[in-house]
Amino acid sequence: LLLLIKIKKKYWLFDVTPDIKEQIHLLDQFGCSLAGVFITHAHVGHYMGLINFGLEIMNVKDVPIYVMPRMKDYIANNSMFSQLILNKNIILHPINNNKEIVISDSISIKSFEVPHRNELSETVGFKICRGDNSIIYLPDIDSWDEFKNQLFDMVTKNEVLFLDGTFFSKDEIKNRDVAKI
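Letter 158 of the sequence shown, counting from 1, is numbered 158 in the numbering used here, and no numbers are missing.
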């Protein structure tokens, strides 16, 4: 899932997949530049594309990466990614749960924690607001039961919800208990 916000000649991505190089190549046709990335958590499909931002592949410069505290520590203390910081390919910007980040005069982003496997980092969804309109981006969650009150509010108080529906059937899941997904 690739979600982005485009404002004039800039765009912000939500998560960075291993296919990010090809995805950004597709976006190049619109003449826009990458203004930042919001990362939900430390599972491969959500952050691993950062490695493409380094010297050997894309060699981007000073791209803001918005992350929660444990995700920040995970990236900063992982030699594969810390090199991106040292080379100034990325700049980690810590965010906090339920705190608003303003990216333009009309758009703000707010993270919110969700129940998910948090082995390496916390997991968040994002609420994207423009005036009275809002969108929810929630790529991973383990239990709707633990989240039911918030889910009702999300459905009734937001115009659009992007929810992960990655697996179509249990046959796609190998060596894992589908009841826990």
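FYI, nobody ran anything at the bench for these hints, they're computed from the structure. Note that the Cβ used here is the ideal one computed from N, Cα and C, for glycine as well. A few of these clues could be false.
Said to hold, decoys possible - Each computed DSS-like pair below joins lysine-lysine, with the alpha-carbon atoms no more than 27 Å apart:
#: 1; residue 1: LYS72; residue 2: LYS110
#: 2; residue 1: LYS72; residue 2: LYS157
#: 3; residue 1: LYS61; residue 2: LYS10
#: 4; residue 1: LYS174; residue 2: LYS72
#: 5; residue 1: LYS110; residue 2: LYS61
#: 6; residue 1: LYS61; residue 2: LYS88
#: 7; residue 1: LYS21; residue 2: LYS72
#: 8; residue 1: LYS174; residue 2: LYS8
#: 9; residue 1: LYS110; residue 2: LYS99
#: 10; residue 1: LYS127; residue 2: LYS9
#: 11; residue 1: LYS110; residue 2: LYS8
#: 12; residue 1: LYS99; residue 2: LYS10
#: 13; residue 1: LYS110; residue 2: LYS6
#: 14; residue 1: LYS174; residue 2: LYS157
#: 15; residue 1: LYS127; residue 2: LYS99
#: 16; residue 1: LYS10; residue 2: LYS110
#: 17; residue 1: LYS6; residue 2: LYS127
#: 18; residue 1: LYS99; residue 2: LYS72
#: 19; residue 1: LYS110; residue 2: LYS9
#: 20; residue 1: LYS127; residue 2: LYS174
#: 21; residue 1: LYS110; residue 2: LYS157
#: 22; residue 1: LYS88; residue 2: LYS99
#: 23; residue 1: LYS88; residue 2: LYS6
#: 24; residue 1: LYS99; residue 2: LYS174
#: 25; residue 1: LYS127; residue 2: LYS110
#: 26; residue 1: LYS9; residue 2: LYS61
Stated by the list, open to error - Okay, the calculated beta carbon distance ranges per label pair:
#: 27; residue 1: GLN23; residue 2: GLU56; range: 16 to 22 Å
#: 28; residue 1: LYS99; residue 2: ASP132; range: 19 to 25 Å
#: 29; residue 1: LYS157; residue 2: LYS88; range: 38 to 44 Å
#: 30; residue 1: ARG117; residue 2: LYS6; range: 15 to 21 Å
#: 31; residue 1: LYS6; residue 2: ASP62; range: 27 to 33 Å
#: 32; residue 1: GLU113; residue 2: ASN133; range: 21 to 27 Å
#: 33; residue 1: LYS10; residue 2: PHE112; range: 21 to 27 Å
#: 34; residue 1: LYS88; residue 2: LYS8; range: 23 to 29 Å
#: 35; residue 1: ASP105; residue 2: SER82; range: 30 to 36 Å
Among the hints numbered above, which are violated by the structure, and what are their numbers in rising order?
2, 4, 8, 14, 20, 24, 30, 31
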